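Peer 1: Next come the chains, spelled out residue by residue.
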Amino acid sequence: MEEISLTKLKSKKSAIVRSIEGGRGIQRRLEALGIRKGKKITKISSHFWKGPVTVLAGKTKIAIGYGMAHKIRVREE
Amino acid sequence: MAKQNQKILLMGNPNVGKSAIFSRLTGAKVTISNYPGTTVGFSQGYMKLGNDNNVIVIDVPGVYNLDPLSKADEVAVQMQEKGDIIINVVDATNLERNLFLSLELREKNIPMIMALNMWDETRHKGIEIDVPTLQKELGGLVVPVCGLTGFGIKELVEKLLLVKKRHFTPLTREQKWEKIGRIISLTQKLHHHHHTLLERFEDISTRPATGIPIAVLVVYASFSMIRLVGESLIRYVSEPLFNRVWMPIIERISFFLGQKGVLHNILIGKLVNGEIDYEKSFGLLTTGLFVPLAEVLPYILSFYLVLGILEDLGYLPRLATQVDNLMHKLGLHGYAIVPMILGLGCNVPGAMALRLLETRREKFIAATLMAVAIPCMAQIAMITGLVGKRGGGFVALIFGILLLLLIVKGVLMNKIIKGKSPEVLWEIPPYRLPQPLAIAKKLWMRVSEFTREAVPYVLLGVLIINVLTAIKVFDLLGWLFSPVIHNLWGLPEGTMPAMLMGFLRKDIAIGMLAPLDLTTKQLVIACTVLAIYFPCMATFIVMLRELGLKDMLKSALLMIGTATVVGTLMNIFL
Numbered sequence: 001m002e003e004i005s006l007t008k009l010k011s012k013k014s015a016i017v018r019s020i021e022g023g024r025g026i027q028r029r030l031e032a033l034g035i036r037k038g039k040k041i042t043k044i045s046s047h048f049w050k051g052p053v054t055v056l057a058g059k060t061k062i063a064i065g066y067g068m069a070h071k072i073r074v075r076e077e
Numbered sequence: 001m002a003k004q005n006q007k008i009l010l011m012g013n014p015n016v017g018k019s020a021i022f023s024r025l026t027g028a029k030v031t032i033s034n035y036p037g038t039t040v041g042f043s044q045g046y047m048k049l050g051n052d053n054n055v056i057v058i059d060v061p062g063v064y065n066l067d068p069l070s071k072a073d074e075v076a077v078q079m080q081e082k083g084d085i086i087i088n089v090v091d092a093t094n095l096e097r098n099l100f101l102s103l104e105l106r107e108k109n110i111p112m113i114m115a116l117n118m119w120d121e122t123r124h125k126g127i128e129i130d131v132p133t134l135q136k137e138l139g140g141l142v143v144p145v146c147g148l149t150g151f152g153i154k155e156l157v158e159k160l161l162l163v164k165k166r167h168f169t170p171l172t173r174e175q176k177w178e179k180i181g182r183i184i185s186l187t188q189k190l191h192h193h194h195h196t197l198l199e200r201f202e203d204i205s206t207r208p209a210t211g212i213p214i215a216v217l218v219v220y221a222s223f224s225m226i227r228l229v230g231e232s233l234i235r236y237v238s239e240p241l242f243n244r245v246w247m248p249i250i251e252r253i254s255f256f257l258g259q260k261g262v263l264h265n266i267l268i269g270k271l272v273n274g275e276i277d278y279e280k281s282f283g284l285l286t287t288g289l290f291v292p293l294a295e296v297l298p299y300i301l302s303f304y305l306v307l308g309i310l311e312d313l314g315y316l317p318r319l320a321t322q323v324d325n326l327m328h329k330l331g332l333h334g335y336a337i338v339p340m341i342l343g344l345g346c347n348v349p350g351a352m353a354l355r356l357l358e359t360r361r362e363k364f365i366a367a368t369l370m371a372v373a374i375p376c377m378a379q380i381a382m383i384t385g386l387v388g389k390r391g392g393g394f395v396a397l398i399f400g401i402l403l404l405l406l407i408v409k410g411v412l413m414n415k416i417i418k419g420k421s422p423e424v425l426w427e428i429p430p431y432r433l434p435q436p437l438a439i440a441k442k443l444w445m446r447v448s449e450f451t452r453e454a455v456p457y458v459l460l461g462v463l464i465i466n467v468l469t470a471i472k473v474f475d476l477l478g479w480l481f482s483p484v485i486h487n488l489w490g491l492p493e494g495t496m497p498a499m500l501m502g503f504l505r506k507d508i509a510i511g512m513l514a515p516l517d518l519t520t521k522q523l524v525i526a527c528t529v530l531a532i533y534f535p536c537m538a539t540f541i542v543m544l545r546e547l548g549l550k551d552m553l554k555s556a557l558l559m560i561g562t563a564t565v566v567g568t569l570m571n572i573f574l
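Chains as they are written, first to last, in our numbering: chain D, 1 to 77; chain P, 1 to 574.
Keep in mind that the hints were calculated from the coordinates and are not lab data. These figures come from a predicted structure and were not determined experimentally. One should not assume that every hint holds.
[Stated by the list, open to error] If you only want the chain P side, here are some residues facing chain D, beta carbon under 10 Å, derived:
{"id": "1", "residue": "Asp67"}
{"id": "2", "residue": "Leu95"}
{"id": "3", "residue": "Glu96"}
{"id": "4", "residue": "Arg97"}
{"id": "5", "residue": "Thr169"}
{"id": "6", "residue": "Arg173"}
{"id": "7", "residue": "Glu202"}
{"id": "8", "residue": "Tyr315"}
{"id": "9", "residue": "Arg318"}
{"id": "10", "residue": "Ala320"}
{"id": "11", "residue": "Glu449"}
{"id": "12", "residue": "Asp475"}
[Unchecked claim] Restraint ranges, calculated between C-beta atoms of paired labels, are given here:
{"id": "13", "chain 1": "D", "residue 1": "Gly67", "chain 2": "P", "residue 2": "Asp517", "range": "51 to 57 Å"}
{"id": "14", "chain 1": "P", "residue 1": "Leu66", "chain 2": "D", "residue 2": "Lys8", "range": "34 to 40 Å"}
{"id": "15", "chain 1": "D", "residue 1": "Arg18", "chain 2": "P", "residue 2": "Arg360", "range": "33 to 39 Å"}
{"id": "16", "chain 1": "P", "residue 1": "Gly391", "chain 2": "D", "residue 2": "Lys39", "range": "58 to 64 Å"}
{"id": "17", "chain 1": "P", "residue 1": "Leu549", "chain 2": "D", "residue 2": "Gly67", "range": "32 to 38 Å"}
{"id": "18", "chain 1": "P", "residue 1": "Gln78", "chain 2": "D", "residue 2": "Lys8", "range": "39 to 45 Å"}
{"id": "19", "chain 1": "P", "residue 1": "Thr359", "chain 2": "D", "residue 2": "Ile16", "range": "49 to 55 Å"}
[As the list claims (entries may be wrong)] Listing some non-contacts, in silico: residues in chain P with all C-beta distances to chain D over 12 Å:
{"id": "20", "residue": "Lys7"}
{"id": "21", "residue": "Gln80"}
{"id": "22", "residue": "Gly150"}
{"id": "23", "residue": "Leu162"}
{"id": "24", "residue": "Arg207"}
{"id": "25", "residue": "Glu231"}
{"id": "26", "residue": "Pro317"}
{"id": "27", "residue": "Thr564"}
Where is the CB? At the ideal position from N, CA and C, for every residue including glycine.
Model the full structure from these sequences, guided by the hints.
Peer 2: Okay, structure coming up:
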């Protein structure tokens, strides 16, 4: 499977995080919530009009702004 | 020399239940300190440990790591240096993610114990944790607890006496994550489990298709509940108390003071038809106590009750996610829905909630929008009652104009004010059934804080208005503003006292319009302008505290400017 942005991933699909584009601040904040390279996440839903993307990482549900979600590259499982 | 009090710090990720453990440990001897002007606040209490009765316990704001990214983080990191013992509170259902902070904390070489919180939930979620192995791997004591029910707290306290200082060689980030991976594989087993009812509800309230209708329903139900509880408290508790118990006392004072004179005017105010009128007399002991305690406090109480339930249930982050994209158009982000909704109840708690917002820009936009376009419950009731008599369409017109203002001003401020609203990134916690005791405790803290803060300000406001009336400042103001009121808004001079009253109480101000024989157009304009032009005194004070003087002045200019323009436009086009 090719690498896509998290915003392009379909709801209810799982994927492995490949990379996070963006600065150290964003990387650390995502890492703190359990999203880092190599982690498996499952997309729960996305909201219309470029609203936030919600994902499941481990046992935690997280809402990620569209812009930030766009920077997360994943590979679908 | 007195021995310095021992300090115990409760530290952990946000939302792991530190505060529940805090209130279990400190029991009834809780004092809350809320440090104004920032988003950071921490609670401090006392507990008995061994022979020491006054061990200080501090509920440190939640952080994900000790690498401060925000102001709140900085406070937590600074506080950590000063502890004698750290209780590292960990969410047992999220062990992996929580361990990073634990590994960082243990390198500080302060005696530490881990409280494995939400222990009861691990079973529902099919998580099995091997505590002895975890203790061995971490090199410290681990106690499974449940802050909400109190399970394990006794053992935690007993073990607090046993914790010892240990030294750990610092690990790099990579090494930490490696170690965490190892710990998790050794200590945690996941079993398949069936979805509980709450979990099913979690899913449907997170997806937009079902989540948005649920959001509307939840907001509506919350408001109905707030109104029901608030109005019942006023009708059956606060008004009877003031009428039957307090009234005879102040009538005596009034009589004793000779029913007139400067002191009488300040303490009791003016008599209406020879009697004290709690809403119109305007003395310190009459209106000054009645308005905050009998009229506002019941609503604050019911409001915080409902809010506390929604917070503990875990609904607010979901609501914030649902409305995030709409709020971004107004220069805000999802969490700004909280002060806005609070503001609909009473602008005062709404303004207090401004501190939930991260940036100065967001605080400014949210405060200005709330002051201009969000009428409080008391105001809504008065407008509906008074204008409704002239036809429901006029009520709709007023609220329609306010809604339009909310959107137009939000979009404009978003375009004009430099910067962008920050991106969303937050955890959506699982639903948890609210615990009555925890709710009651939180309610008590919030209500007493409101009483301590609001009552003195209202008293001060009443005093200032009385003094200004006595020295004829209001006559001067009336003369000064009559061109705006009369020429631009087309309102008679008689509305001036109501306009001034609006600085103190919007609902009373609207009530003062009733006997003036205004045309429908004048009434609609007066009500709209009253809603927009300035927040009431109590809200103003809180906003001032949250925004600072400079931003508050800018915001106030925007409010007055908007009121002038909107009033004039309505006068021309209606």
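Peer 1: Determine for every hint whether it applies to the structure shown.
Peer 2: Structure-based check of each hint:
no., hint, verdict
1, Asp67, "holds, 7 Å"
2, Leu95, "holds, 9 Å"
3, Glu96, "holds, 6 Å"
4, Arg97, "holds, 4 Å"
5, Thr169, "violated, 22 Å"
6, Arg173, "holds, 9 Å"
7, Glu202, "holds, 7 Å"
8, Tyr315, "violated, 13 Å"
9, Arg318, "holds, 9 Å"
10, Ala320, "holds, 8 Å"
11, Glu449, "violated, 30 Å"
12, Asp475, "violated, 53 Å"
13, D:Gly67 to P:Asp517: 51 to 57 Å, "holds, 56 Å"
14, P:Leu66 to D:Lys8: 34 to 40 Å, "holds, 35 Å"
15, D:Arg18 to P:Arg360: 33 to 39 Å, "holds, 36 Å"
16, P:Gly391 to D:Lys39: 58 to 64 Å, "holds, 60 Å"
17, P:Leu549 to D:Gly67: 32 to 38 Å, "holds, 34 Å"
18, P:Gln78 to D:Lys8: 39 to 45 Å, "holds, 42 Å"
19, P:Thr359 to D:Ile16: 49 to 55 Å, "violated, 33 Å"
20, Lys7, "holds, 26 Å"
21, Gln80, "holds, 16 Å"
22, Gly150, "holds, 24 Å"
23, Leu162, "holds, 31 Å"
24, Arg207, "violated, 5 Å"
25, Glu231, "holds, 35 Å"
26, Pro317, "violated, 7 Å"
27, Thr564, "holds, 34 Å"
In summary, the numbered hints that this structure violates are 5, 8, 11, 12, 19, 24 and 26.
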